[in-house]
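Chemist: If you want the building blocks of each chain, they are given just below.
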Amino acid sequence: MGVEQKVLGSSRVMSPVPGRRTTGNRMLQNMDWLTVLIYFLLVGLGWMNIYAAVYSPDNVVNIMSFDINSGKQLVWIGASLLLIIVLLVVDYKVYEHLAYPIYGGIILLLLITLVVAKPIAGSRSWLDLGGGIRLQPAELAKFATALAVSKFLSTINLRQQNFKDQMKLAAITLLPPAIIIMQNETGSALVFAAFILAYFREGISPLILIIGGSAAAIFILTLLIPKIYLIMGVTVLLALATWLDYRLLKRYKTIIALWAVVVGMIFSVDFFVNNVLQPHQQNRIKALINPEADPLGFGWNVTQSKIAIGSGGFWGKGFLEGTQTKFDFVPEQSTDFIFCTIGEEQGWVGSTVLIGLFMFLLTRIVMIAERQKSVFGRTYGYCVASIIFFHFLVNVGMTIGLAPVVGIPLPFFSYGGSSLWSFTILLFILIAIDANRSQDLAR
Amino acid sequence: MNYLETRKYIIQGIFLLVGALFALRLFYIQVVDSSYKQAAETNAIKSVIQYPFRGLIYDRNGELLVQNTPVYDLMVIPKEVKALDTLRLVELVNLPLEDVRERLKKARSFSYVQPSAFYQKLSTEEFARIQDNLIDFPGFYINARTARGYPHQSLAHALGYIAEISPKQLEDSTYRGYRPGDYIGKSGIELEYEQYLMGKRGVKYKMVNVRGVEKGSFKDGAYDTLSVAGENLISTIDLDLQAYGEFLMNGAKGSIVAIEPATGEVLAYVSAPFYDPNLFTGKDYGKNYMTLLTDSNKTMFNRPIMASSNPPGSIFKLAQALVALQEGVITPNTGYPCNQSLVKCSHAHAAPSNLSIAIQTSCNPYFYQVFRALLNQGKSKNTYKDTALGLADWREQILTFGFGTELGIDLPNEKKGIIASTDMYNRVYGENRWKFSTIYSLSIGQGELGVTPLQMANFMATIANRGYYINPHIIRSIGEKGKPLPEYQKKNYTAVDAKHFTPVVDGMAAVVESGTGRNANLSKLGIAVCGKTGTAENPQGKDHAVFVAFAPKDNPKIAIAVYVENAGFGAQSAAPIAGLMIEQYLTDSVTRKSMEKWVLSREYLNVK
Chain A
1 MGVEQKVLGS SRVMSPVPGR RTTGNRMLQN MDWLTVLIYF LLVGLGWMNI YAAVYSPDNV
61 VNIMSFDINS GKQLVWIGAS LLLIIVLLVV DYKVYEHLAY PIYGGIILLL LITLVVAKPI
121 AGSRSWLDLG GGIRLQPAEL AKFATALAVS KFLSTINLRQ QNFKDQMKLA AITLLPPAII
181 IMQNETGSAL VFAAFILAYF REGISPLILI IGGSAAAIFI LTLLIPKIYL IMGVTVLLAL
241 ATWLDYRLLK RYKTIIALWA VVVGMIFSVD FFVNNVLQPH QQNRIKALIN PEADPLGFGW
301 NVTQSKIAIG SGGFWGKGFL EGTQTKFDFV PEQSTDFIFC TIGEEQGWVG STVLIGLFMF
361 LLTRIVMIAE RQKSVFGRTY GYCVASIIFF HFLVNVGMTI GLAPVVGIPL PFFSYGGSSL
421 WSFTILLFIL IAIDANRSQD LAR
Chain B
1001 MNYLETRKYI IQGIFLLVGA LFALRLFYIQ VVDSSYKQAA ETNAIKSVIQ YPFRGLIYDR
1061 NGELLVQNTP VYDLMVIPKE VKALDTLRLV ELVNLPLEDV RERLKKARSF SYVQPSAFYQ
1121 KLSTEEFARI QDNLIDFPGF YINARTARGY PHQSLAHALG YIAEISPKQL EDSTYRGYRP
1181 GDYIGKSGIE LEYEQYLMGK RGVKYKMVNV RGVEKGSFKD GAYDTLSVAG ENLISTIDLD
1241 LQAYGEFLMN GAKGSIVAIE PATGEVLAYV SAPFYDPNLF TGKDYGKNYM TLLTDSNKTM
1301 FNRPIMASSN PPGSIFKLAQ ALVALQEGVI TPNTGYPCNQ SLVKCSHAHA APSNLSIAIQ
1361 TSCNPYFYQV FRALLNQGKS KNTYKDTALG LADWREQILT FGFGTELGID LPNEKKGIIA
1421 STDMYNRVYG ENRWKFSTIY SLSIGQGELG VTPLQMANFM ATIANRGYYI NPHIIRSIGE
1481 KGKPLPEYQK KNYTAVDAKH FTPVVDGMAA VVESGTGRNA NLSKLGIAVC GKTGTAENPQ
1541 GKDHAVFVAF APKDNPKIAI AVYVENAGFG AQSAAPIAGL MIEQYLTDSV TRKSMEKWVL
1601 SREYLNVK
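From first to last, the protein sequence lines stand for chains A and B.
Position 170 of the first sequence, counted from 1, bears residue number 170 in the working numbering, the numbering being contiguous throughout.
Position 7 of the second sequence, counted from 1, bears residue number 1007 in the working numbering, the numbering being contiguous throughout.
Just to be clear, a hint being listed does not mean it is correct.
Straight-line Cα separation of at most 30 Å, DSS-like style, residue types lysine-lysine; simulated pairs [what the hints assert, rightly or not]:
{"hint": "1", "chain 1": "B", "residue 1": "K1483", "chain 2": "B", "residue 2": "K1200"}
{"hint": "2", "chain 1": "B", "residue 1": "K1046", "chain 2": "A", "residue 2": "K317"}
{"hint": "3", "chain 1": "A", "residue 1": "K168", "chain 2": "B", "residue 2": "K1008"}
{"hint": "4", "chain 1": "B", "residue 1": "K1008", "chain 2": "B", "residue 2": "K1168"}
{"hint": "5", "chain 1": "A", "residue 1": "K164", "chain 2": "B", "residue 2": "K1008"}
In short, the hints are calculated from the structure, not lab data.
Go ahead and model the full structure; you've got the sequences and the hints to work with.
Modeler: What follows is the structure in structure tokens.
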């Protein structure tokens, strides 16, 4: 820690930069090519599956055609390549130095969007750039916030549990999702919960992770299991814990309080679902619990998505052979429900390979994060992993009926320029920082 | 490694745990649980059954008996119905408003997006009228299919009919492959030969999108199968003879069964009263069926094979004579006195000095004595036991004529009739508590005997063949060049040797020549008819008239049984009908118009 602090301190002093050429060469040598390879694999596979999702056998259009999503995605991919070059060419220190200005700029953009955006399907999150091109600043808020919190964490010590610092961190993290919720993009706002994983690594109490996880678990369990059983379960569990460790008896007040809190939560779930959530959100909760209750209504997405994936079998139906996705049974097939296409056409094998790719990417990013010498670099790496993981968790989870339907894309895979660029920026800033990690010591 | 760095394992652990959980969940829904695959097929693949043409049925001369005619159903897809003018629809289909509403409701509850039949079996006029107006009724369309049609209105009982498969049949594994709404043979030939007539269904797999719009064939039709038309059947029925039989029996109750002795082929199969088979094809099928099923004349009762409880009457004396000859208890020259103290004789005649005369005069006391000689052969000293032994022997031989057993005709629900047995009497009277005097009425064909008209005709075929019969059947060929089923190609020999038939046949010739069967006499046409009258006692009312015959005497071409209910003596009604039928069959015309007139007048019903 001490060493890193020193390094950080020294990095603020602009040292003479070696010649561009040498920097570029070293950069290419030190780049984590494995991660880059997985990136291109995911983007490429995503592109093919977007084509499969929009493919229509009675009107076959070339995969490159700009009339369909796959053709457009090719443009976004091309633009991403330019973006990658820019991200790598720019001096890597910019990301740390300009973290706050970038964050501020995005907050401003979010606010502007909130004011000027025309509602599209109830959401005021799209900024019309003219020429049919639209931008969703909420997507860009993810990497901007990641930069800002990394920068902030590199200046404080989270382990010291300084309340003021913690509040500041919470404010930086929660400001963008607050605006995004106002834009009516609750799904994108939820993503910011992922930062908790990065903070866990940087030293917040594991209790927060445990309490957060337990609250989510109690919420889901309350929906799935009759309350009386749940309360009985909690009571038995606490009683068992006390019986196993009699010392807990001395803290009986805490135990009883804990019991009361949990029971209170169980009873407040109904209130939360029925009175706090909006009707369409209520339906998504209901669809998760029992999609068969209204298979043609709120259960449609989940039911059809499971049918499409489930019909894929072990080997899948083959590229472009999926009937469920091809004939529009699954909604939003090229964006949020893109996983259905791979599930149906590539089967369990293809789905598992895709999950494997994500697992590989995520653990690789953690590895990259851990080898950073700076707190900034490490925290940023964990933020990247957390954001990608949260998208993966919720997106794939909803298609297989394990998570409520939340409209967030599958990273690198789903159709859409904003999301592809946002994830490209997110990932390649990390790759740029990582490629230059030795410079901190070299100096 | 500081202690915070170890948290990377927890974080990576969370990642991998979720990844593994997802892979497991995917394995469950993709590999383990097959319900999603079925749901996907129901979703996107519509199988369209290609119904083959049902096989046609021809008579023995190539006349079409059953054909396929187009019918039109008015279908509805509730989802596509827009701005429905219910009152105009009521006018168009000519149904009450309530009914129309009910039908629409039923269609909706069946499926909102799938077509269902709104109004089935439109007549040609209705079809034309509705078709012209359909443009104003989105969501409605006409579906053409075929139904059975009968150009000749004959042979309804034997042909049977087809109707929608019943829910009960659908549960039966025999009918695997049938779907609700499929048509299936319900009776007669249609039921018996269902597997040949139905043909092979084809299926086309069409892909449909989420809105149910067809998107071409599934896998370019790789799994599609073509339908194969059902086999045509060639019946043994002679349509002219059949129609003439129905003409003669119109208004009467009873049966006519005619068989070609050499082949066992059924030439005519009349069950009166009969009905027009076309009644079961229109949209009033249900109503018509119930009317016929419940009428007092029992129209739906398939008399030739189901009227099994009536005793055969005097025609059974022929069987008694044959068995007695075989057993050697009489010779052709055995004479018995016409002893009226034993049993009454219906008409006065000279003492039968031989068997032929006894048959010609249908002498009751003669056959009483023949039967006694048969049963009490002295095999046991105990007269009860002797009778029981005799009856068991006798029964065994009688059964070889096809009595008391199913003849295995290719029609469903054939009854086997009754032939008295020792068990039967033991049950009624107790063992060793009955003897000849208890059961003597069997000798003249009354008592514990039940014979179907088909068995009577088959009996005639057996005598015509001098000792064997081929199981009667009504389909001679499956497919134009086919053969009858193997069971209809083998001879069943009776227990009686061929030589014993001669005196019986001579007696039968005499019956027609100068006995009770004179009304069937065709000697002016040069045809020697052999026959026998009978009267079946009927405790419920007037006796039933029976006449059995075959002709010509040598090289017989037709064996026939005529059974007229409540018509009294066989001589007055059944014999003339049999004579006319034989004449029609052998000469292709009827010259004896006065006889025909007598039959049609039904005056025989009034003869006391």
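Chemist: List, from low to high, the hint numbers that the structure doesn't satisfy.
Modeler: 4
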